[in-house]
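2 protein chains.
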Amino acid sequence: MNLRVALIGTGAVGRGVLSVLSSKNLGIILTGVADSRSGQINPDGIRIPDLLHQKENTGLCGDPSISADRVVNEAPYDILVEVSPTDAESGEPATGYIRKALDRGCHVVTSNKGPIALKYHELECQARERGVALRFEATVAGAIPIIHMLQDSLGGNEVQALYGVLNGTCNYILTRMAEEGLSYKQALDEARSLGYAETDPTYDVRGTDAAIKLVILANTIWKTGIRLRDIHVTGIDLLTEEAIRLAEEQDATIRLIGEIVPSKNIYRVSPLIIPRVHPLTVKGSLNAVILRTDLAGDLFFSGKGAGSLETASAVIGDIISIRERYAGGY
Amino acid sequence: MNLRVALIGTGAVGRGVLSVLSSKNLGIILTGVADSRSGQINPDGIRIPDLLHQKENTGLCGDPSISADRVVNEAPYDILVEVSPTDAESGEPATGYIRKALDRGCHVVTSNKGPIALKYHELECQARERGVALRFEATVAGAIPIIHMLQDSLGGNEVQALYGVLNGTCNYILTRMAEEGLSYKQALDEARSLGYAETDPTYDVRGTDAAIKLVILANTIWKTGIRLRDIHVTGIDLLTEEAIRLAEEQDATIRLIGEIVPSKNIYRVSPLIIPRVHPLTVKGSLNAVILRTDLAGDLFFSGKGAGSLETASAVIGDIISIRERYAGGY
Numbered sequence: 000m001n002l003r004v005a006l007i008g009t010g011a012v013g014r015g016v017l018s019v020l021s022s023k024n025l026g027i028i029l030t031g032v033a034d035s036r037s038g039q040i041n042p043d044g045i046r047i048p049d050l051l052h053q054k055e056n057t058g059l060c061g062d063p064s065i066s067a068d069r070v071v072n073e074a075p076y077d078i079l080v081e082v083s084p085t086d087a088e089s090g091e092p093a094t095g096y097i098r099k100a101l102d103r104g105c106h107v108v109t110s111n112k113g114p115i116a117l118k119y120h121e122l123e124c125q126a127r128e129r130g131v132a133l134r135f136e137a138t139v140a141g142a143i144p145i146i147h148m149l150q151d152s153l154g155g156n157e158v159q160a161l162y163g164v165l166n167g168t169c170n171y172i173l174t175r176m177a178e179e180g181l182s183y184k185q186a187l188d189e190a191r192s193l194g195y196a197e198t199d200p201t202y203d204v205r206g207t208d209a210a211i212k213l214v215i216l217a218n219t220i221w222k223t224g225i226r227l228r229d230i231h232v233t234g235i236d237l238l239t240e241e242a243i244r245l246a247e248e249q250d251a252t253i254r255l256i257g258e259i260v261p262s263k264n265i266y267r268v269s270p271l272i273i274p275r276v277h278p279l280t281v282k283g284s285l286n287a288v289i290l291r292t293d294l295a296g297d298l299f300f301s302g303k304g305a306g307s308l309e310t311a312s313a314v315i316g317d318i319i320s321i322r323e324r325y326a327g328g329y
Numbered sequence: 000m001n002l003r004v005a006l007i008g009t010g011a012v013g014r015g016v017l018s019v020l021s022s023k024n025l026g027i028i029l030t031g032v033a034d035s036r037s038g039q040i041n042p043d044g045i046r047i048p049d050l051l052h053q054k055e056n057t058g059l060c061g062d063p064s065i066s067a068d069r070v071v072n073e074a075p076y077d078i079l080v081e082v083s084p085t086d087a088e089s090g091e092p093a094t095g096y097i098r099k100a101l102d103r104g105c106h107v108v109t110s111n112k113g114p115i116a117l118k119y120h121e122l123e124c125q126a127r128e129r130g131v132a133l134r135f136e137a138t139v140a141g142a143i144p145i146i147h148m149l150q151d152s153l154g155g156n157e158v159q160a161l162y163g164v165l166n167g168t169c170n171y172i173l174t175r176m177a178e179e180g181l182s183y184k185q186a187l188d189e190a191r192s193l194g195y196a197e198t199d200p201t202y203d204v205r206g207t208d209a210a211i212k213l214v215i216l217a218n219t220i221w222k223t224g225i226r227l228r229d230i231h232v233t234g235i236d237l238l239t240e241e242a243i244r245l246a247e248e249q250d251a252t253i254r255l256i257g258e259i260v261p262s263k264n265i266y267r268v269s270p271l272i273i274p275r276v277h278p279l280t281v282k283g284s285l286n287a288v289i290l291r292t293d294l295a296g297d298l299f300f301s302g303k304g305a306g307s308l309e310t311a312s313a314v315i316g317d318i319i320s321i322r323e324r325y326a327g328g329y
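The listed protein sequences correspond, in order, to chains A and B. Counting from 0, one number per residue, gives the positions in the first sequence under numbering that gives the first Met the number 0. Counting from 0, one number per residue, gives the positions in the second sequence under numbering that gives the first Met the number 0.
In short, the hints are calculated from the structure, not lab data. Please note: incorrect hints may appear among the correct ones.
Any copy will do: because identical chains look the same in the list, a pair fits if it lies in one copy or spans two.
In silico DSS-like pairs for lysine-lysine, Cα to Cα no more than 27 Å straight-line [to be verified]:
| # | residue 1 | residue 2 |
| --- | --- | --- |
| 1 | K263 | K23 |
| 2 | K222 | K23 |
| 3 | K23 | K282 |
| 4 | K54 | K222 |
| 5 | K54 | K184 |
| 6 | K118 | K263 |
| 7 | K222 | K184 |
Using the sequences and the accompanying hints, generate a full structural model.
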């Protein structure tokens with residue numbers, strides 16, 4: 000039997016997921032889809048090429064009379080895939096969708112940082128009570144399966160510290176400032192023109208995005224219950240060319256590093272001077288993570304931090320791991 | 000209820016596993032243990048500190064009249080942990096132990112490359128028929144959870160190529176030749192004196208160990224059915240200081256790289272000249288892997304390739320992932 004998913008959100012991540020579902024035969028059918036203005040439900044499976052065509056031509060993924068709420072409440076699905084844009088302050092409407100899906104006894108996969116950063120404990124309890132899974136690999140470090148690794152693969156290890164380059168936009172800007180001697184503003188403009196930075200880049204360059212990822216890691220892995228305001232955050236928006244040049248003269252460079260060291264109560268995002276040969280000196284929009292563990296020692300991971308297919312990879316990995324774990328029904 | 004494991008093998012890996020089990024409260028009890036000359040069975044759980052003490056003082060882990068066979072056949076366990084030394088030619092006696100445990104309907108976790116390189120398909124079929132798990136994270140890349148990643152986390156991705164530094168002994172020797180201008184023989188002697196190389200280093204330096212790891216990856220991930228003789232292997236034992244010096248003069252170095260590119264039928268282990276800034280230029284006894292995937296793009300991982308606790312980390316991770324997946328009984 001096919002696994003049935005409903006998809007909320009048809010932005011870059013949603014379209015990546017749709018493109019993978021339509022190009023690979025994964026035994027998954029799409030029974031519902033919604034964007035902020037329209038939706039459709041089809042228990043027999045929506046034809047994805049038609050859907051993508053419609054979205055491209057009309058900007059809508061379905062019928063304006065069918066809301067995302069209705070898709071969440073009424074479509075028949077095994078897994079709700081919630082990939083609507085992050086609202087880091089309220090976490091809504093995504094949190095409501097996720098609650099409702101869990102309430103229906105369905106699994107949830109999300110790339111949405113808001114609900115996980117703000118309401119993880121409550122949502123995880125609800126999922127556990129209903130015997131379903133809540134997975135969120137795509138919220139942190141893009142294509143690097145860091146959550147899987149921390150939750151599943153390193154069982155038995157105490158993860159004593161995590162250091163990471165978790166924001167590709169900042170990393171791109173810092174890379175260009177160092178390599179080409181660009182000013183912060185020049186590098187930011189370039190990142191914008193290449194689509195690596197939003198029109199309003201505040202959320203990235205002030206370190207908020209990286210800090211939200213630390214909140215997610217701290218609460219899901221270390222169960223700390225910290226909030227965004229508990230993270231000590233310094234962005235890269237005040238960095239001068241001079242600072243970068245001085246670092247480079249010493250065979251070093253500057254990266255925006257997120258740090259979690261629970262035993263020392265360190266939860267921090269800040270630009271740090273690190274040697275150019277340091278593993279966290281990754282280039283461009285890459286992400287990178289170092290885990291310090293008691294048994295496995297230091298582990299290092301890097302990969303693409305964003306991108307439609309890369310984020311879809313994390314979403315699809317979550318979907319498939321749910322199928323493998325709860326095999327039988329589908 | 001506690002999870003019951005029986006352990007076959009009390010070398011470096013086995014002692015690492017025992018040390019983790021005795022120092023961490025993982026809800027796991029040891030109901031059987033055997034080395035090549037003795038064994039013991041205790042359904043209530045063997046006291047591990049006493050066991051380690053006895054092993055250290057007498058060289059035996061139990062009663063000489065109790066064989067490993069008997070522990071495998073008679074001890075009450077949920078998971079057999081098979082960490083006896085690798086015999087890469089016959090795969091025995093480990094393969095027999097694993098077959099017997101699966102036959103009893105028990106899960107198996109092994110660090111033993113022989114059975115997985117030689118008999119994976121048969122053993123995996125047997126495990127599937129019995130509805131139990133066969134896991135072998137510790138056979139490849141030490142503490143890096145590369146098998147978990149390939150089997151579980153990257154679901155939906157096609158892994159198009161794998162490139163890896165998979166033998167810490169060779170990597171240590173090459174690192175020292177480059178950094179200190181040592182000859183191959185000097186570096187090998189140093190590696191021996193530090194315990195990074197065996198008295199007979201042939202298996203490592205001729206590339207056999209790395210090639211066996213490629214066989215394991217090729218057969219478990221890509222289901223190729225290849226054998227050791229299908230891998231094109233060149234070792235590092237004929238490398239001269241001159242070759243390394245020439246590479247270094249061009250800001251490059253030499254590493255023993257294993258490559259799997261199934262679409263091009265490439266299964267190869269050989270010393271390659273790579274730029275010094277290449278991610279696979281890891282130092283000392285580290286291992287490193289690059290995965291080229293269709294969705295997640297390139298992913299890079301590095302970590303310790305060997306060591307008692309590092310390998311135990313992989314074994315314990317497998318044990319815990321089995322418990323999580325087959326939760327209920329224990």
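Status of the hints after comparison with the structure:
Taking the closest pair of Cα atoms, K263 and K23 come within 27 Å of each other only across two copies (21 Å); inside a single copy the shortest separation is 46 Å, beyond that limit. With identical chains, the CA atoms of K222 and K23 are at most 27 Å apart between copies only, with a shortest distance of 19 Å across copies and 36 Å within one. For the homomeric pair K23 and K282, neither the shortest alpha-carbon distance inside one copy (31 Å) nor that between copies (39 Å) is at most 27 Å. In this assembly of identical chains, K54 and K222 lie within 27 Å of each other by CA distance neither inside one copy nor across copies; the values are 40 Å within and 39 Å between.
For the homomeric pair K54 and K184, neither the shortest alpha-carbon distance inside one copy (35 Å) nor that between copies (65 Å) is at most 27 Å. For a Cα distance limit of 27 Å, the shortest separation of K118 from K263 inside one copy, 25 Å, qualifies, whereas the shortest one across copies, 47 Å, does not. For the homomeric pair K222 and K184, neither the shortest alpha-carbon distance inside one copy (38 Å) nor that between copies (51 Å) is at most 27 Å.
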